[in-house]
Every structure is written in C-alpha cells, then in structure tokens.
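From first to last, the protein sequence lines are chains A and B.
Per my numbering, residue 1 is the first one in the first sequence, and the count goes up by one each step.
Per my numbering, residue 1 is the first one in the second sequence, and the count goes up by one each step.
No wet-lab data here; the hints were simulated from the structure.
Treat the hints with caution; some may be incorrect.
To be verified - Keeping only pairs whose Cα atoms sit at most 16 Å apart, straight-line, the calculated EDC-like set for lysine to aspartate or glutamate is:
#, chain 1, residue 1, chain 2, residue 2
1, A, K93, A, D66
2, A, K393, A, D414
3, B, K302, B, D147
4, B, K302, A, E350
5, B, K320, A, D214
6, A, K114, A, D140
Computed from a predicted model, the values in this text were never measured in an experiment.
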Amino acid sequence: MALDGDARNLEREPRPSGVYGGGVLHGLGVGASWIVRGVMAPVRGLIYVEARWGTLTKIRKLLVNDAGTLGIYPTVGFASDFGLTYGAKAFSKNYFGAHEDLSLSASTGGFVRKAFQAKLELPHLGGSPIYVRSRARFEDNGNQIFAGIGNSAVDGGTMLAADAGAVRTRFSQTRYLALLSSGIELGEGTRVRIGGSAILNDRSFGPAASGTSDPSIETVYDTSTLRGFNDGFRTLELTGDLEIDMRDVKGATQSGGVVRAFAGGGSLVEDATYGHYGAEASAYLTPFWPHRVFVGRVAVEGIIDDDNDIPFTELPRLGGAGLLRGYSSGTFRERTLGIATLEYRYPIHENLSGELFVEAGKVARSINVLTNGDDWHLGYGGGLIVHTRSAVKIRLDLAYGDGLQVYFSTDVLDAFRKRDREL
Amino acid sequence: MSRIAVFLLLLVGCRAAVQAQFADRPIVTRSDDARPIPEPAEGEFFARFYLADALVFRPMFDGLAPLRQRPAGDVNALDEVPDSTWFTNRIGVRSISPAEAARAADTKGAPVPPFEVTNAKRGGANPGFIAKDSRGIKYLIKFDTTDNPGQQTATNAIVQRIFWTLGYHTPSDYVVHFQRAQVTIAPKLHGKFHDADLDVMLKAATRRADGAFRATASQFLGGIPKAGWSDRGRRGDDPNDRVRHEERRVVRGLRVFAAWLNHTDMKEDNTLDMYEGEKGQGHLVHYLVDFGEAFGGHQSEKNQPQIGFEYALDWKNQSKAFVAFGLWHRPWEAQRPTRWPQVGFFSAVAFDPARWRERYPYTPFSLADRADLYWGAKLVMRFDRPMLEAIVATGDVGDAAASAYLVDTLLARREAIGRAFLDGVTPLDELTLVGATLCGVDLARRYGVARDGTLNHDGVRDPIAADGRVCMAINTEPGYHVARVAISRHGHTTPALEIHYVGGSSPHVVGLVR
C-alpha cells in the first residue's frame, strides 16, 4: 500500500505535460484572470450570500406572503430617450380567490415625473369566460416627445406639418385616465377575445421639464396651432375589441398568428366627435428547420375626423418598440399610420433566441395617401429574446432608423398593447 | 507527425541513455487512504452558487487562465487506479458474472414492504420520502416524474449497477412496488407529515395495473453523510485526501462513463462523502449517488434535446449559434425522444463521445487527458451483451422492446466510446514480459473497433493479430530500459507508449507512461 497519490513508484517526476506549461502568455492570463476575479467578487459574493443565507428569499418573504398572492415589490424600467423609471407596486393576485389581479403602483423618473395607478383585472369573472379590466391612472409626464405632425413636408395641409427639418421637442403633460374593458375570452388552442373598452382621458399640457437635451415645444412650434395644447381637453372613447390568437405557444412561437382589431368612436367631451380604428395581423412561419421562425406583421390605425379638430395627442403615433423600432416613441403622428414588419428568429439557447428585423412605417393624412408613395420610414436591427415556452420574458432590440435605439420590451409585435396607457 | 518522424523518435529514444523514472518496487494495487481521521465537518452545498460558478464565473476566469492539465495523480506505476476509498477495481481486473453485476452493491436483498415513513425527502426534482421496510432497513423512496412514468426508477436501478460494476462506490437501488395500505407514517412525524401529504405525493406516482405504486428504494448508506466532493481541490478536513479531485483519474475518467450512459446531471450534489467507522477512528468513503436522470432522463424531464450536447450555458456553442443566425443545424436538433416513456433521449445516433457534454461544466471532465479517457474506455469495453441484459433487467422496464433498445443502445454507444478513446493512446494492454519477449493486447483490435494495425518498435513493425495479441523482442540486458512503442493503422500512428522495464535474469515491467 502507498499513501493516496503516492502509488506511482516514481524516482523522478515525469516531464511536465498538458496544454499549458507556463510562459509569459499564461502569466498574463493569470494576471488578467485575477483582475476579473476582483471585479466580479462583489457579484459572486452576493450570489454566495443569497445561496448561503437565502437573503433575497428572506427579503421576498418580508414583502410578499408565502402563497405569493399578496405583497409589494420595487419596479424598474428603461426606455431610450427617457431613461430609468423606478417605483413600487403593491399587488393582490388571487388573494381573494377570484383570480383577481389587483395592484396599486407609483413610479417616478424617466418617462414620468410621477405616476400613480390602480388596476383591477378579473380574467374569469365568477369562474366564467368573461373578463373585466379596469384601470385608473394619474401621471405627470415631463418629457413627452413632439416632432411635428405628418410623415413629411409633402403631406401638407395638416395642423402643424413636420418638414425635412422637423425638430424633436419635448412637452409636459398632466393626465388622468380611467379605463374599463370587458368581454368574453374563449378557446384553448385558438383563443378568441371579443369585448369593448371605454377610455376616459383628461389631459393638460405645458412646456418641457428641465433636464432634456431637446428644446421645449414652445421654443420651436407655435403651440396655439396645436389643437388642445393650450386649454387641455377631455375625451371619452368607446371601442369594440377583437383578438384571435392562433399561435401554438406564446413564448417560443413557431406557427400560427394573431389578429387584433378595434373600432369605435371618441368624443371630446362637450365638443366634437371622431372615429378611431386599428387592425393588426401577424403570422409565424417555420418553413425550414425548427425554431427558425419568420414573422410577418402589418398594422394600420386611423382617426376619422371630418372637422379636422382632433387634439394632437389623440393622433396615431409611429415610433418606439411596438410601432417602428429605430425611431423615438411618437416621432411621427397623423390621422393614419401603417407599419409592416418582417422578423426572423433563430435559436441560441432553450430560453434565448436571436432575431433580425426590418420594419417600414408611415403616417399620412388619409388611407389613400398612406398607400401611395414610397416615403416609408425604415427601421432595422436585431436583438435577443429571453423566453420560456409559454411567454416572452424580455427582449432586447437594437434598432437603427433615425439613430440607434435600444428597447427592452416583452412584445414588439402588438401595436396596440399600450393603447390604454398611451392613447 | 509523419510516420518517418515517429520512427526516428522511437529509434533515438531507444538508443539514448536511460535514467530511471520508476523505482523497481512492487506495483501498488491498494492506496492507503483509509487511515483514521477525526470526523470531518458536515460540508455544505449551495446549489445556486455552485451553478453560478460552474456556468458563469469559472468559464470567465478559466478562459483567461486555463487550468493546467496534469497527469492523473491517483494512478500506480502501470497507469492504473489502485483500490481506494474512491474506487474498487472490479470489471477492470477480474471477471464479473452477469448475476454479480445485477446484484451489485446489494448485500441485504430488495426491500420488503410495508414501509414506515420516517421523514420527507428534501431537494431534488421528484417527490419522495425516507422510510424503513419491515426489516427496519432505511431507504430513500423516490417516484418517477409525472411525464415519464417508469423512467427514473428504471434508470436509477440500472445505472447504479453499471457504476458499481465499473468500480465506484454506490448505494443499492431497487425498483419496488407497494400498495397504499403498506405505507404508514411514523408517530414521531405526526403533526409534521400527514396521510394527506403522502396521498398528494402518491397521486403523481406511477402505478401498476393492480394499483401498486412504483418507486426507487435507495438503501441508506452506513456512516455519517458529509456532503458531496467538490470538483476542484481537496477536502481540507480529510488528511487522507492528498490528490486534488480534478487530478484524480477516477473523477476525470468518469467523463467516459457519464458520456456512455448520458448521465448529464453530474455535479457535486450527486456525489456523497460518508464518514464510516467509529468516531475518531473512521475515514471518508466517496460515493456516487442519484442516477435517475441518466439515459437522457434529464433531457426528457426538461424536454431539452440539447442536453448532452451543450452545457446549460455554453458560451462557445451558443455564441457560435448567435453569429450563425440559425444557419448552423446543431447535432442535437435531430434528437428525438424514444417511443417508450420509460426511456429518455437515449440514442447512439449523433453520439460523439469526444463532444458529449454534461449539463453543468464539471472541471475534472474538462481536464481529462487521453490516458484518463483510455482508462475509461477500457472499462466500458469490458461490458458485453449478457452482462448488460442482466443489469437492464433489474430496471423492471416493463416492455421487452424498451429493454432491448436500452441494451442495443448501450452496446452501440460502447462501440463509439471505443472508437473515440482507445486510439487516443497506444492501446496496448495486458503486458507480459517473458524472457526477451514482450507481449500485449491491442484493445482496439480485440474489441473490433480497429480493422488492423502494426506495432512499431525500435524500427520494427509487427503485425497485430485479429484478437489483438502482439509480441516483440526486446533488449533484456541488465539495467533500466525504456521501450517506446506505437501502433499504426488507418493512416494514423498513436502517441508512443513508454514501457519502462528492468532487464537481467528476471526482466519485468516497472512502469508505463501513456
């Protein structure tokens, strides 16, 4: 017998072997490695602390009940051109046993100076397929973007046309929102949702808050020509909503498609009325190897406003994550918009896909103008999608249009997903 | 290296003055690592920290300063692994009958219901509990996952026996069936674990036609558990542990067995150190545990066919996939589950032993050198059909076709292992030195993974027989000699094997360098 590791009967050590026998290069690598170790030490240490003592779990236990149905947690978000938004959200999810999603939230920074919201959603009212969604929100936005109205100077005739030298400006807005939507949602494979929404908005406007590099709106544009800017306004919009979701799964989608549409009327309370409609269709195809998915999407949105007195914030807007990546949110606004997207997704990891996309979008005074001409704005880029089989957790898009834009979002192919919040 | 260069190297090597590398001492067949030690600390394992290290931090650090690959430190002069608290040579050194392989570590027979639950199981993906059988023997009872009835229970029993036959220390695992009425809860658990809890657990369990529940019964090991062994470094509180774990052949060579069995869930908490013996007089024995996710069970449990081909976070392959924009059709994309729920993603198609990957990077696997892989392949090649049939039968797979598929696939993957790793060194084994004639067996020829071959020695080329046997004349003048031999075949010459021997009236081999 010999001691462990001493069984080779060696008189002398054999020649060193292996792929790295030392040398300057290895020495440099070791040095670099220790530097990286030092840099990463706090992160690694935090993971150890969490794994060793369950710190995050303990904090979560302080903030959320054991069943995960009642609690409060911090929120954080980021948007190009706006920066970091942070806040807190208190929630009740099925705490009362009605599958309710009730939340109260407050946030500041970035998109808003301050915002407060109360939300109640009942996806299965009384166990039925009837859904009810309601939301009340107050927000004080300091840095909304306005870059004129119209697709380009050739449109002409709009209230305040942007031309080739259109200047991006900022304005502030104080807004009260009340939303109620309800309907019926049916189906297991193909899911159909039919319902209606009532959205009440009360808005008032002013110069931009300080802290942006863009000029304030009144220093560039004559705001007296912007309908609603000086006096503010209140609208009530009623629409019928339809969604048919035929996707195989919502996360790692490989086939199927989604059709969404809404149509209805709006009213400037105690004033004029207007019509508002939108439609979007997307299709997912995997024609070659699995998980190489081609997605096509077209969407249109329009306002019917015979009296030409619709407030500027109610005009459909183009730009941002859901409507033309590569352009800032709300860069283009007019009575109609159209967008077409072609996206290609490919697998990297079971929970990570890469994507490349190209989008073309345009706003115009009418559908006829929209479909004529070639003055479409192009955005293109790529990114990463973190997903499970059933849901997209987050996606990062780098897009180039009128500049490089970065987006963190969950679904860029749902043009109207923020209709209730940003309408 | 060209054949001429190899020839010249061999020629020069044999003519050079030789300095003794190996002492002329008896070959060590047993390592003295069971000396009494104080009881070590219990040991800790933090899964999330371990995974963060394995998947993120270590690849980052090691990418800048790659770990040095050193020769195995737990081998003897013949480059074999002595018996130790880590490993007991079984199929590598003696004949094992199919019946013995099927019995494996079993010393007490299969558990005998009824069971009395003494505790609930902690950790792991599938539910279970700790119970005593009617003889008072303690078992960990685990059930299959709902989606794959029969899979993990069968796999546990089969793979545990294969690892035991190879030489590792394992618990005894059995497939058991019992009725609900045969399970009671120990009085000490009243208030903590109820019949309702048990019923919830059993609700998802696989059942036989007569209503009996199917489970794995893993017999508790003797001694005191001291957590798993780390995949780097040594255990500081065990003076017997003198070789860094990533430099142990029994841990590095495990890569070959894990690849063969598609045991992708190889990580620290699927190993276990047990302190055996009286307190203060005992020592640690090192076990492998929990094999239920081998045979592609890990893949089917997570429905992820890439497991076995890529790490969970595979920086190299996934970066390549990112820039390939989907044009790279990866080998695992052709993987399909078998038609039997009892068998996971387990196939010989697209199986490349050299490219096989465990789920979480396991340092000893990445440091395995050609000699380690050869050692592993040599053991795998000793399994034959009758032995595998006997072992697979213990899994009670319940479908003759599924059992046959498992055996056929194991044999096909075994052959792939042989092709991949035997010729990584000069696979000359079973060396005998009689007079001035040195004989050996070319294992690649013996096991049919090579069609032909010639043995190159001192400028002479000896053809190798179909059974692999080959002999050569050597210089047996008194003194220390080194014979350098290599095998040429299929346009390739294997790296030279150094045979160190002492000549004279009774010539004998004192060491090998592969």
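Verification of the hints:
| no. | hint | verdict |
| --- | --- | --- |
| 1 | A/K93 / A/D66 | 12 Å, holds |
| 2 | A/K393 / A/D414 | 15 Å, holds |
| 3 | B/K302 / B/D147 | 10 Å, holds |
| 4 | B/K302 / A/E350 | 10 Å, holds |
| 5 | B/K320 / A/D214 | 41 Å, violated |
| 6 | A/K114 / A/D140 | 5 Å, holds |
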